[in-house]
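Residue numbers (this note's numbering), protein chains in the order written: chain A, 1 to 252; chain B, 1 to 400.
The set of hints was computed from the structure by calculation and includes no laboratory data. Please read all numbers here as calculations on a predicted model, not as lab measurements. Honestly, I wouldn't trust all of these hints.
Some chain A residues well away from chain B (every beta-carbon gap over 10 Å; in silico) [as the list claims (entries may be wrong)]:
| hint | residue |
| --- | --- |
| 1 | Pro19 |
| 2 | Pro55 |
| 3 | Thr72 |
| 4 | Asp77 |
| 5 | Leu86 |
| 6 | Pro95 |
| 7 | Gly96 |
| 8 | Ala105 |
| 9 | Ala106 |
| 10 | Met132 |
| 11 | Ser145 |
| 12 | Gly190 |
| 13 | His218 |
Each pair of labels, with its calculated beta carbon distance range [unchecked claim]:
| hint | chain 1 | residue 1 | chain 2 | residue 2 | range |
| --- | --- | --- | --- | --- | --- |
| 14 | B | Glu321 | A | Arg56 | 51 to 59 Å |
| 15 | B | Glu55 | A | Asn40 | 51 to 59 Å |
| 16 | B | Arg166 | A | Gly61 | 33 to 41 Å |
| 17 | B | Ser295 | A | Glu58 | 15 to 23 Å |
| 18 | A | Ala127 | B | Thr324 | 54 to 62 Å |
| 19 | A | Gly149 | B | Asp383 | 39 to 47 Å |
| 20 | B | Glu340 | A | His29 | 27 to 35 Å |
| 21 | A | Gly17 | B | Pro10 | 33 to 41 Å |
A virtual CB, placed ideally from N, CA and C, is assigned to each residue, including glycine.
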Amino acid sequence: MGETILTIDDLHVQVEGKPILRGVNLEVHAGEIHAVMGPNGAGKSTLVQAVLGHPRCEVTGGRIVFLGTDVTGMKCDERARRGLFLGFQNPVAVPGVSVANFLLAAMGTRRVDGQPQKISIKEFRTALKEKMAQLGIGDSFLGRSVNDGFSGGERKRLEVLQMLMLGPTMALLDETDSGLDIDALKTVAGAVNRYAGSSVGVLLVTHYQRLLGFVKPHRVHVLVDGCVVRRGGPDLALDLESVGYEQLAAEA
Amino acid sequence: MTMPGTTHMPIPLGSAFSREALEARFRDEPDWLKTRRRLAWERFESSPWPSRADEEWRRTDLARLDYRGIARLGGGQTTMDGAALFGHAPESCEQAGPRPSRETKFTALNEAFAEAEALVHVAPGATRLASIVRRGGEAFFPRTLVVLEERSEAVVVEVEEDDSCRSGLCSGLAELRVGPGAKLTYVRVQVLGEGVGNFDTIQATLKAGSDVTLVVANAGGQLTKQFVEASLVGEGARLGLFGLTAGARSQHHDIQATIVHAAPSTTSDVLYRTALRGRARSVFVGTIQVKKGASKTDAYEASRNLLLSKEARADSIPRLEIETDDVRCGHASATGPLDEEQLFYLMSRGLTAGEAENLIVEGFFADALTRAPGGGELGWVPDFVRGSLMRVLEGRDRHG
Ligand SMILES: Nc1ncnc2c1ncn2[C@@H]1O[C@H](COP(=O)(O)OP(=O)(O)OP(=O)(O)O)[C@@H](O)[C@H]1O
Ligand SMILES: [Mg+2]
């Protein structure tokens, strides 16, 4: 087993005074891919947003430990600079901010061992071209405003592009597979597979067995109503397809 | 605070505001110019201060202004390129300088004390690139006339700046006369000092088939009252008016834009973007008038306000006054705080709150800003406008 990257320890989260997560435990080690599944409204997005420190997610109990440091009270940007990444379920549009400028600004925040990483414009361009080619993203993307008027699939690709560029130690991808056609799904899954290596952790939130046909998770966690009700290997996802969440939750 | 029907108290003025000071200051000028100044001074003295009974002044409070401390009117420095000094150009006398469509106490004062009047006169079919940079004194009176003859083309950039913090006065008048088929881009950047009361008029007349783009940025001053007026008097004239306003502290920006469609098949597109921080306040009144006979007018006005603090306040007031059928007119306005989801998104990529906020604000200005000409000799313009706005609004990291 690799080094522990992320520990979610008895996490309780409220959103606008309403308890959403009720004691979630989850541990990701280096080299592992985890999948979190569960019905709509179960709290999957709340979980990954809480890990990144969304101000709306009020942690009322438990803690989040990233690379040995308790990050529970940290601002979102600090967590990001330490190497946490969230691929959003619904990435918001930022009108007037071009993808190129945004990526450059984001790259400028990277830290390795706490030290700012300088990257020249030339290195940035080269890296960007390479990753864009990998994801089948055209050059016209760069001049467009971030997520503004993007199709669902374009938004998801941009999330993955950001992951590849920023090179986080822990990537949480919230339904990055939904809204993708089969070719795009294969491309994105391929990128995730390549990204997931021996030194990083990946957590995928997904509804679909379809994605898991391309990306093999080591562990699957089923979240229902703010609690993990089942855990298992890749086969658990298959069972879910036939049994459904309700029955699973009832059995638990 | 605003009570229609009450009259503004006169603004207290020192001895610099006098006939004697005027005579002494412009002793060496030609007689015709001295006469013009004297007449203007008399009109200044005899005309009333704007009253809150006037609809267009009711949202701006002049009561706190005090100009007794101003020792000298005029002065400052003007650097021009591609423009001539009024009075030195042969056509000056005929052109007689800019004429306000409606005189106020401020435009009369402007005419009495103006120095370094700029004249940009572009001959038929000619092209011109002009820049006018004015660095103000305690009280200064920018005065600009731009005349584009038939089918000429020009880009004119005018900057009003003053980096002092003292209380000052700026009263400007710019008139743009755009001939048939001519094409003008006029950029105005106002970065006056923090204590300045700024009273300004920009007016444009568009002849048939002309095409005018106005980019008007207001970032400085304590109080700005600006009238932007465009009359589309020739068939097929097109106007784009792009306003960018930044306010912080207790800055007050009151902008009144009036677009008059007086000929058929004229088009106007008005887009205002205002971002405020601190206790800043803005008013934007956008009036579209479509006169009788101006059929097939196409007019659209949009204004958006971004409030970066709880205390900031912005009002957008659209007015449509339509006297003819067969027109397309529309307006939209929206006011809101910084979007928390955008902020979280950018911060989740490692940007600090301040960096994220700055990026969002720059993005907010972007669509109006892209209308400013750039490239080549004008490469500095968009960056200068952006920088002027962003300096006022710099993000949370500094302000806590
Ligand atoms: N902004 C919000 N304000 C109030 N409640 C919210 C907000 N966002 C989410 N919730 C609530 O939190 C609960 C969990 O939502 P969450 O988005 O985490 O679910 P999810 O498992 O990601 O669902 P889905 O599969 O539909 O994406 C839901 O009951 C939802 O209504
Ligand atoms: Mg979700």
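Hints, verified against the model:
The Cβ of Pro19 (chain A) lies farther than 10 Å from every Cβ of chain B, with a closest approach of about 21 Å, so its non-interface assignment holds. Consistency note on Pro55 (chain A): stated as away from chain B, yet its beta-carbon is not over 10 Å from all of that chain's, at 7 Å minimum. Once the 10 Å rule is applied to beta carbons, Thr72 (chain A) is consistent with being away from chain B; the minimum gap is 16 Å. Not every beta carbon of chain B lies more than 10 Å from that of Asp77 (chain A), the smallest distance being close to 4 Å; the non-interface claim is violated.
Here Leu86 (chain A) does not stay apart from chain B, with its beta-carbon only about 5 Å from theirs, under the 10 Å limit. Some Cβ of chain B comes within 10 Å of the Cβ of Pro95 (chain A); the nearest lies about 6 Å off, and the non-interface call is violated. Against the 10 Å criterion, Gly96 (chain A) falls within the reach of chain B, whose nearest CB is about 3 Å from its own CB. The beta carbon of Ala105 (chain A) is not kept farther than 10 Å from every beta carbon of chain B, the shortest such distance being approximately 6 Å.
The non-interface label for Ala106 (chain A) is inconsistent with chain B: the shortest C-beta to C-beta separation is roughly 4 Å, within 10 Å. Distance check for Met132 (chain A) against chain B: the nearest CB is about 17 Å away, which clears 10 Å, and the non-interface claim stands. Not every CB of chain B lies more than 10 Å from the CB of Ser145 (chain A), the least distance being 7 Å, so the non-interface label is violated. With a least CB separation of 23 Å from chain B, Gly190 (chain A) remains clear of the 10 Å interface cut-off, as annotated.
No Cβ of chain B comes within 10 Å of the Cβ of His218 (chain A); the nearest lies about 25 Å off, and the non-interface call holds. Between Glu321 (chain B) and Arg56 (chain A) the beta carbons are some 45 Å apart, a value that contradicts the proposed interval 51 to 59 Å. At about 53 Å, the beta-carbon gap between Glu55 (chain B) and Asn40 (chain A) stays in the expected band of 51 to 59 Å. Separation of Arg166 (chain B) from Gly61 (chain A) is about 57 Å and departs from the stated range, judged on CB atoms against 33 to 41 Å.
Distance hint check: the CB atoms of Ser295 (chain B) and Glu58 (chain A) are about 59 Å apart, inconsistent with the given range 15 to 23 Å. Range check, Ala127 (chain A) to Thr324 (chain B): about 58 Å between beta-carbon atoms, so the 54 to 62 Å window is met. For Gly149 (chain A) and Asp383 (chain B), the Cβ-Cβ distance of about 26 Å falls outside the hinted range of 39 to 47 Å, so the restraint is violated. A hinted range of 27 to 35 Å holds for the C-beta pair Glu340 (chain B) and His29 (chain A), which are about 33 Å apart.
Here the CB-CB span from Gly17 (chain A) to Pro10 (chain B) is close to 55 Å, at odds with the stated 33 to 41 Å.
Checked against the numbered hints listed earlier, the structure breaks hints 2, 4, 5, 6, 7, 8, 9, 11, 14, 16, 17, 19 and 21; every other hint is satisfied.
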